[in-house]
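**Q** Below, each chain spelled out in residue letters.
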Amino acid sequence: MAFLELSNLVKTFGANCVVKDFDLSIDRGELVSLLGPSGCGKTTVLRMVAGFETPTAGTIKIDGHDVTAQKPNERAIGLMFQAYALFPNMTVADNVAFGLKVKGVARAERDKVVVEMLRLIGLPDLGGRFPFQLSGGQQQRVALARALAVRPRLLLLDEPLSALDAKIRLSLRTEIREIQRELGITAIFVTHDQEEALSMSDRVVVMNGGIAEQIGTPFEVYSRPTTRFVATFVGTLNLFEAEAEGAGALRINGVTVRLPDEIEATRGGRLTVALRPESLHLGAGEVTLPATVEGLEFLGSILRIKARVAGTQIALDTFNRADAPPPAVGTKTLVSFAARDLVVLNA
Amino acid sequence: MPDNRLHQRAKPRLPVEWLGIFPFFAFVLLFLIMPTMKIVVGAFQTPAGGFTLHNLLDLNTESIRNAYWTSIKLSLITAGLGCAMGFVMAVAVVFGGVPKGIRGLLLTFSGVASNFAGVPLAFAFIATLGPAGLVTLWLKAEFSINLRALGFNLLSFWGLVVTYLFFQIPLMILIIIPALEGLKREWREAAAVLGATGTQYWRMVALPILFPSLLGAFALLFANSLGAVATAFALTGPQLNIVPIKLFAQIRGDVLGNPNLGYALTFGMIVIAGLANVTYIVLRIRSERWLK
Amino acid sequence: MSRIVAWATLIFGALFFLLPLIGMTEFSLKMRRGVYSFDAYIKVFEDPTFFATFGYSLTLAVITILFGIMLVMPTAYWVRLKLPQARPVVEFITLLPLLIPAIVIVFGYIRLYNTSSWLPLTGSAIGTDILLTMGYVTLAMPNMYRAVDTGLRTIDVVTLTEAAQSLGAGWFTIMMRVILPNVLVGVLSGAFLTLAIVIGEFTMAALLNRPAFGPFMQLLGANRAYEPPALAVIAFAITWACIGLIQLVTRFSKHERAKA
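Chains as they are written, first to last, in our numbering: chain C, 1 to 347; chain F, 1 to 292; chain P, 1 to 260.
It is worth saying that the hints were derived from the structure and are not from the lab. Incorrect hints may have been included.
Claimed, not checked - For the chain P half of the interface with chain F, some residues (derived, Cβ under 10 Å), not all of them: (1) I42; (2) F45; (3) T49; (4) L96; (5) C242.
Said to hold, decoys possible - Derived pair list, reagent style SDA-like, types lysine to any residue, alpha-carbon separation capped at 25 Å: (6) C:K101 / F:V161; (7) C:K101 / F:E189; (8) C:K306 / C:G295.
Ideal placement from N, C-alpha and C gives every residue a C-beta, glycine not left out.
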């Protein structure tokens, strides 16, 4: 049985329905990301789990117990905020010990946990500092230590990396993931950054307009998006208009493509198919289309080629190799892809 | 260095820049510092101009001791009650879930009421709680409650307290609402998920963060009440024995029979105000270690 | 705090603040036996001393405001532009009048500027008027300085000054055409607050023996029954008007800024 179960969650503010019939089960020790644009309801879901918002309908169960009616301070949950939210009047050590102190844990025991936690986040010597003396990344690590010190059943992370510099964001996300794995704690990570969601999570929930568009592993969400929204929101995507030729084939720009799996479409029906930039190759291959190079972008080890294929501009990624100079802008060339990389979108 | 001469020539410019605030310092010296110093010095002088401690020792009469004690008590009580009541009202309006418009209304009203001190305020309270005041008569007619028989007299210490609260509470509200608005929602939520009750949040997080503001407000309210002459004078006339009233009578007619005793009396007020503020500054520095 | 407790607190507070206002209004209407009338107000307005003292205080208030602005604005500007190291000192001094009671300051004036001193201001009526005005400028300084300084904080004083200088503007032009328009809201707020304080001021005017509105009210209060509450109502209305004007100016400027 799942450790955290959200069933039929609904939240309305006045006439505005922000979360619609949301279901999610999370296993013990799993890290699940809620990914979506701002206003998609991801933060509202998190705030309902934390207890700051009361669901209009639906239930929240942690470890088999219904906590829907419980107050935030009865739920034994850890929470990290975007704005750190350390108590400015307390030292780092007092911040970390806060949860234990309000629980009435004895001083000696508290001190032991503080030492342990500060070591865990790699700041063993900063216990006596005040928050204003720390960098943003250090503050956010202290916030993590504070959340973990009470041994919460569940860790909620509300865009904890958004306020930080790009470099610290990268190192901290690895660190958070490692600590989460080490402690085996169940976690929900809310973000609008797809790279963060894909790199950190066991599973990703892509949300839009208050509903879960797709729930799956990063691989599934990226490679097998089930809706047009997921396909366009996660990663870069090239879309082609196609025409169905029966259950196992379709036509793009007059070229017939045989599909490995059957699709539900009537002959002659219009379809949208998608291809990742890295699934396209220069030169002839399984399915080949003529193209004109329109632009080049160097992204370090990756070279992104903008080309016009069948009337639409597409992006094509190749590894940047010193021995193979890129094609000049304006060159007429061929691009190809494998039929199994083609994603047929339902929408 | 490419040009040393330029560097040297730039040096004597410093006093010129200070000249820009000369008018301000001249004004402050003439109309704030020197008058105050005149009194401080006068407190240690004989009428002939020699040094003496006699003036200060002469303050030690029962009447003057009582006046100081009443003044300090009045300032402490009105500042304390003003802070407490203003704080509760500010919390109610900021965190009580009342419409935002109420907050604006309260702020505007507080701006008016905190400046509605002095003579007219005394009139308002006489018309309300005085012997023939609206509330006094109403209580007598409707409930047979005789305020006077219960020991309440507007022209006494507690009457003064009630009247002073009319400007002390709004002043507190004006000072503390911005501070309350500075409390971040995340602090409250972080405390809640860590298991703290509402009371624990206020005791361990919110109040310590607000402490410097509360302290500053208390010091300001204390000074505000200590120096209030007009309200007390218009309310009770010259008979109430508090320092500012005594001083007022002394300046007008040398009732103490020794002009330098007036200096000493005033010096005492400056010392009390000064002590209150030194206490405030020390406490504030101690409570603000966590501020930049 | 629950909503019910919050409302209860606010209603209790409102009662404390509204009762004296209702009390004074009701009392001021009771001059004629048995019916409500405006007799007390008519009596007040028939008294020539009312207009004389009110006019006197109003004149002093206007001079106080003008002098205060001329003193405070260049100082605050100069400190921001050239002397940031002097800021703590200047700020501390401007706050002193909140700590030193007015009665102490005026007592100092009387002894420092008496007829036998080096600057015998209290020797003549006009000299005493000047002294009283200076006293009011001192009282108004904390509010005035803070209002102007807050206005200056929102603009980049150094860049604006350099830009104006590079276009050939002199100090007076910079002050009047660059700095003043930008801190006008602050200056006006400070001005109206000063007006509210000075109009009814009692202690300084009474001790310097000048025919101001504050001492007039006090004298009337000692001798009459129904006119004082009428005066209180008028004074309250004036205070409301001043604070209302501050709100209006602030709101108007926000509106203007939003449009820009």
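**Q** Hint by hint, say whether it matches the structure.
**A** Status of the hints after comparison with the structure:
no., hint, verdict
1, I42, "violated (18 Å)"
2, F45, "violated (16 Å)"
3, T49, "violated (15 Å)"
4, L96, "holds (6 Å)"
5, C242, "holds (8 Å)"
6, C:K101 / F:V161, "violated (41 Å)"
7, C:K101 / F:E189, "holds (16 Å)"
8, C:K306 / C:G295, "holds (5 Å)"
Of the numbered hints listed earlier, those contradicted by the structure are 1, 2, 3 and 6.
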